[in-house]
Amino acid sequence: MVDQTEPQGQLAAESVSWKLIFICWLIAMVATLGSLFFSEIMGLIPCELCWYQRIFIYPLAIILLIGLHPLDTGVVRYALPLAIIGLLFTVYHTLLFYGLIPENLQPCREGVSCRDDSMVLMGFLPIPLLSLAAFIVIITLLFKVRRLAKAGLN
Amino acid sequence: MKQNHFTLIALLLMAIAFIAAALFHNTGEEKAQIARVTNHSAALIKDHSIKAGNPDARVTIVEFIDPACGTCAQFHPFVKQLLQQHGGRVNLVVRYLPFHQGSDKMVGMLEAARKQGKFWDVLELMYATQNQWTKNHVAQPDIFLALIERAGVDVARIKQEMNDPAIMKIIQQDMADGKLLGANKTPSFFVNGKPLSSFGYQQLQALVESEVNKHY
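Each protein sequence line maps, in turn, to chains A and B.
Note that the first sequence covers residues 8 to 161 in my numbering.
Note that the second sequence covers residues 3 to 218 in my numbering.
This is chain A alone, in the form it adopts within the complex (with noise of 0.2 angstroms):
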């Protein structure tokens, strides 16, 4: 019995973590396509925190797809140091849009400010709060799929 079902659980494991880390990608890819979006189609320029966030989240759409073909858990170990810096970012940029940190800090000084209103969406979605989103799924599947390889090891 155990036998059987110990190699069939790991593979009930790596089917899971294959969704996961699939809809991190599909997640990187919508932040990606949506970012360049906002600049390249509706001409919104990217303030500085926005670019930085760019720079954690472009790499996750190309590394977490080779990640999947074929399966290999061992991409958690690359993205998640991108997805935790870019989260970084974004809580910075998601505090100073919501005016909890004071203006006098925000490094924006050029072009668009980081709390422009043209960086809320059809009213009501705030770009920030996206990528907020963005990030924190990502990096709450990617520790799933760590805890999962790391349960297929022992």
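Heads up, some of the hints might be wrong.
As the list claims (entries may be wrong) - As a list, the in silico DSSO-like pairs of lysine-lysine whose alpha-carbon atoms are at most 27 angstroms apart:
hint	chain 1	residue 1	chain 2	residue 2
1	B	Lys4	A	Lys151
2	B	Lys82	B	Lys117
3	A	Lys26	B	Lys187
4	B	Lys33	B	Lys216
5	B	Lys33	B	Lys171
6	B	Lys216	B	Lys161
7	B	Lys4	A	Lys157
8	B	Lys196	B	Lys181
9	B	Lys48	B	Lys137
Stated by the list, open to error - Covered stretches of chain B, as calculated for chain A (at least 3 residues, CB under 8 angstroms):
hint	region
10	5-12
11	22-28
For the record, the hints were derived by calculation from the structure and aren't laboratory data.
All of these numbers come straight from a predicted model, not from anything done at the bench.
C-beta: ideal position from N, C-alpha, C; glycine also.
Chain A is fixed; fit chain B onto it per the hints.
The following block gives chain B in isolation, referenced to the frame of chain A:
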């Protein structure tokens, strides 16, 4: 295999969604832009605006410029050529959108030179020497003031008149009009009130030619 299909389908769907959204956005934006210009047609040309070419021409190009803008400098010979090609049938109106820091002073010099009948000489000298007096996208009016005598102007008078509050009012009016018309980049072109929806030499030429054919 199934997983490969998942990824391919996802990639395909995302690409389609991106292109569809871009097309949707662009057509909407084009319509909004045309509506803006129709609603604010009085904002296109003001009495204070500098004009070139035959005043009776039936085709008018309105160009919003920033003296510190590199693309404006690149476009200038082309616009001049367009006027020459259609001798007498096309004229030009120049409006100011000095977005670059320090560029309002450059406009001050242009308007001061205009009083000496040297607007175009100074504008062309500005464009030709642009890389000398722009540093990191900031205009350095003092550097250009040292070059301006090459345009054959009375430099002392330029220095005296370039800070005239009346010039600052012209800039404010032009910036306000630019905003009304949706001109948020330089150069921005309107030909007989039609915005240049897709930017480029050929597109501008095509727009001018279609207007010339319509009116002559």
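Status of each hint after checking the structure:
1. B/Lys4 - A/Lys151: Distance of about 23 angstroms is within 27 angstroms: holds.
2. B/Lys82 - B/Lys117: 21 angstroms, holds
3. A/Lys26 - B/Lys187: 44 angstroms, violated
4. B/Lys33 - B/Lys216: 21 angstroms, holds
5. B/Lys33 - B/Lys171: 31 angstroms, violated
6. B/Lys216 - B/Lys161: 45 angstroms, violated
7. B/Lys4 - A/Lys157: Since the Cα atoms of B/Lys4 and A/Lys157 sit roughly 25 angstroms apart, the hinted pair holds (cutoff 27 angstroms).
8. B/Lys196 - B/Lys181: 16 angstroms, holds
9. B/Lys48 - B/Lys137: With Cα atoms ~32 angstroms apart, B/Lys48 and B/Lys137 exceed 27 angstroms; violated.
10. 5-12: holds (count 5)
11. 22-28: holds (count 4)
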